[in-house]
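Engineer: Chains A and B, in that order, give the protein sequences.
The numbering of the first sequence is this note's numbering, which starts it at 1 and goes up by one.
The numbering of the second sequence is this note's numbering, which starts it at 1001 and goes up by one.
The hints are simulated quantities; they were obtained by calculation from the structure and are not laboratory data.
Just so you know, even glycine gets a beta-carbon here, dropped at the ideal spot from N, CA and C.
Keep in mind that a hint or two might mislead.
[What the hints assert, rightly or not] With the C-beta cut set under 10 Å, the calculated list includes, among others, these residues of chain A facing chain B: (1) ALA32; (2) LEU116; (3) ALA117; (4) THR140; (5) GLY161; (6) THR166; (7) GLU172.
[Stated by the list, open to error] Restricting the straight-line Cα-Cα distance to at most 20 Å, the calculated cross-link-like pairs of lysine to aspartate or glutamate (EDC-like) are: (8) B:LYS1387 to B:GLU1326; (9) B:LYS1113 to B:ASP1250; (10) A:LYS176 to B:ASP1041; (11) A:LYS176 to B:ASP1028; (12) A:LYS98 to A:ASP125; (13) A:LYS16 to A:ASP65.
Here is how the chains run, residue by residue.
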Amino acid sequence: MSNTTKAPVEFTELAKETVLGFLERTDDTGLALRIHVASPSPLDPRYDITLIEHDEKCEEDVVFDDPGFEVVMDPESAKILDGARVDWVETLMESGFKVENPNLAPIGSKPMEGPLADRVQEVIDQYVNPGVAQHGGHVTLVEVRDDIVYLHMGGGCQGCGMASVTLSQGIERILKEQVPEIAGIEDVTNHSAGDSPYFTAEK
Amino acid sequence: MPRVLLLFARTSYRAEAFLVAARRLGVDVTVGSNHRQVLADLAPGSTLSVGLGGVDRSTATIVRFASEYRLAAIVAAEDDFTPLAAAASEALGLTHHPRDAVRYARDKALMRKRLSGAAVSSPWFHVASLHDDPGAVASRTGFPCVLKPLSLSASRGVIRADTPEEFVNAWHRIRGILEAKDTAGRGGGSATKLLIEAYLPGREVAVEGIVVAGELLILAILDKPEPMEGPFFEETILVTPSRFPDRIQDDIVSFVRQCAAHLGLSDGPIHAELRVDADQISLLEIAPRSIGGRCSAILRFDPEAALEELILRHALGMPVRGFVQETGAAGVMMLPIPRSGVLRQVRGLEAALEVPGIEGLEITIPLGQTLVPLPEGNRYLGFLFAKAETPGQVETALRVAHARIEVDIEPP
């Protein structure tokens, strides 16, 4: 187990108070807070934050206690969470911990800028959208990150049985041809939410 | 990089799974379909329009295409495209089931004739035309029986009748289905033909396999735990591995091998559906393709591979022996459409996903669309996927999760 001097994760005052409140309400004095990156995908980053017993810690865990309680992370999660900030949010609909992680910002959360994004946008405007418009579809650039283009497919493309074909056999090929630096294309569309797909699947 | 021609219907559930598999194998893909891809002009060679109607004409289109873009394999994702895949593969000397074998397997009446002619245990059957008098046909039919339109698949239009009155009612209902806009004229010469055969009691199982140079490799046996006794035969739950005793499973495998061999299915995927009643095993159908819908998602193999990868590997001449089904149990529920109407809302999805063992849930019909249940309908509401240690746990997870899903349907 490695104890770090510098806390890799910062807790807001409210998050600290909430955790300390949880700890006070238990009789067990040996509890620690484990943070685990359940999904490192920028499309859907997810974190598990749970109280654990002392014997649930592992030899290789990264441990720190700056917030006033012990925080435990597996090495991989610690790497991804370095510089992250944990907050506690309460709204009418839900309450829970919120992790702001600069290493894992959700796709679409960063402002789109730079020559690569501009060139991708140009290809979408010039080639892709006029084509998919024939089926009432449209494609929106969500983000370009690490040479990967993230796209949203709307209108007739959203939920269309042939959307994956349009993406891999059309959009990806023209994008890679026109912008060779692009390494891949990811579709971030929730196709289940499409209300006017051009083709719907049948048995 | 070898190029594979994947043939999908424009309404395919299977496109994405095959495209992912092709990408994992590092092969180039051309998608052949019965509609022109909207971006076809932007990426020459990536798509090809081929009609389903004239196999010879579409074969010529594929042969012409192959002279410019050399094809290493042709794979049909769905039943409708298997005759074209077989014909074009034969023309180009590629690995595939022979044309005749595909024809025998796809035509329910021809299949019955071939198998009974080869002394394979088969139910009684006869073929009727919708132009015949249903009362007269009923009078020379045994009961209980099942009426199956030859031109449709996936249980569409399949109805059980226990009496002459039920037979005539089923007949008229099937006539209505075959005269509907989306089915009229489908199936060519078989468009108005019905197979009438004995109702087979027992539990239903499906068998997934690949025939490699005449030898059938069994990939999975899937139980259908729902009693499928009619009058309609909606598939809902599939669970693998099978809970039948090993002895019965061995008999199932050997029976499917026998049927595939008699039909001449020699190189490619097969999907068989059978009834097991005590020790009696009967074939419902054996199709020259893989399992339909999104059901293949529950079939995973070691070393890491999906069913579609194994199909592509075989078509490309790569080895497929040595892949074994992953340990543990898996299952899928094809969410049934409870009644006709307009789909307004589906609630309880998150609650369903929270059921232990549930791995995924997809609703595949958009809100606002019209739902049509069997026997007229040809779509599923969606798919629910589960994984657990045992088949029993998988089945329970699927049933519990399904009970949490509420579907709001506005009457038509």
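Engineer: With reference to the structure, classify each hint as holding or not holding.
Structural biologist: Structure-based check of each hint:
1. Contact between A:ALA32 and chain B, as hinted, is not supported at the beta carbon level, the nearest pair being about 26 Å apart and thus beyond 10 Å.
2. At about 20 Å, the closest approach between the beta carbon of A:LEU116 and any beta carbon in chain B exceeds 10 Å, and the interface hint on this residue is violated.
3. Taking 10 Å as the C-beta contact cut-off toward chain B, the hint placing A:ALA117 at the interface is violated, the least distance being around 20 Å.
4. Interface hint at A:THR140: violated, since its Cβ lies 16 Å from the closest Cβ of chain B, which is beyond the 10 Å cut-off.
5. Nearest Cβ of chain B to the Cβ of A:GLY161: about 5 Å, under the 10 Å cut. The hint holds.
6. The restraint placing A:THR166 at the interface with chain B holds, with a minimum CB-CB distance near 6 Å, inside the 10 Å limit.
7. Restraint check, A:GLU172 versus chain B: the minimum CB separation of about 8 Å is within 10 Å; hint holds.
8. Simply put, B:LYS1387 and B:GLU1326 have alpha-carbon atoms about 11 Å apart, close enough for the 20 Å limit, and the pair holds.
9. A distance of roughly 25 Å separates the Cα atoms of B:LYS1113 and B:ASP1250; the hinted pair therefore is violated under the 20 Å criterion.
10. The suggested pairing of A:LYS176 with B:ASP1041 holds, with an alpha-carbon distance near 15 Å, which does not exceed 20 Å.
11. Using a Cα cut-off of 20 Å, the hinted pair A:LYS176 and B:ASP1028 holds, with the two alpha carbons roughly 14 Å apart.
12. Distance restraint check for A:LYS98 and A:ASP125: the Cα-Cα separation of roughly 36 Å exceeds the 20 Å cut-off, and the hinted pair is therefore not satisfied.
13. With a C-alpha separation of about 11 Å, the suggested pairing of A:LYS16 with A:ASP65 holds against the 20 Å cut-off.
When the structure is compared with the earlier hints, violations turn up for hints 1, 2, 3, 4, 9, 12 and for no others.
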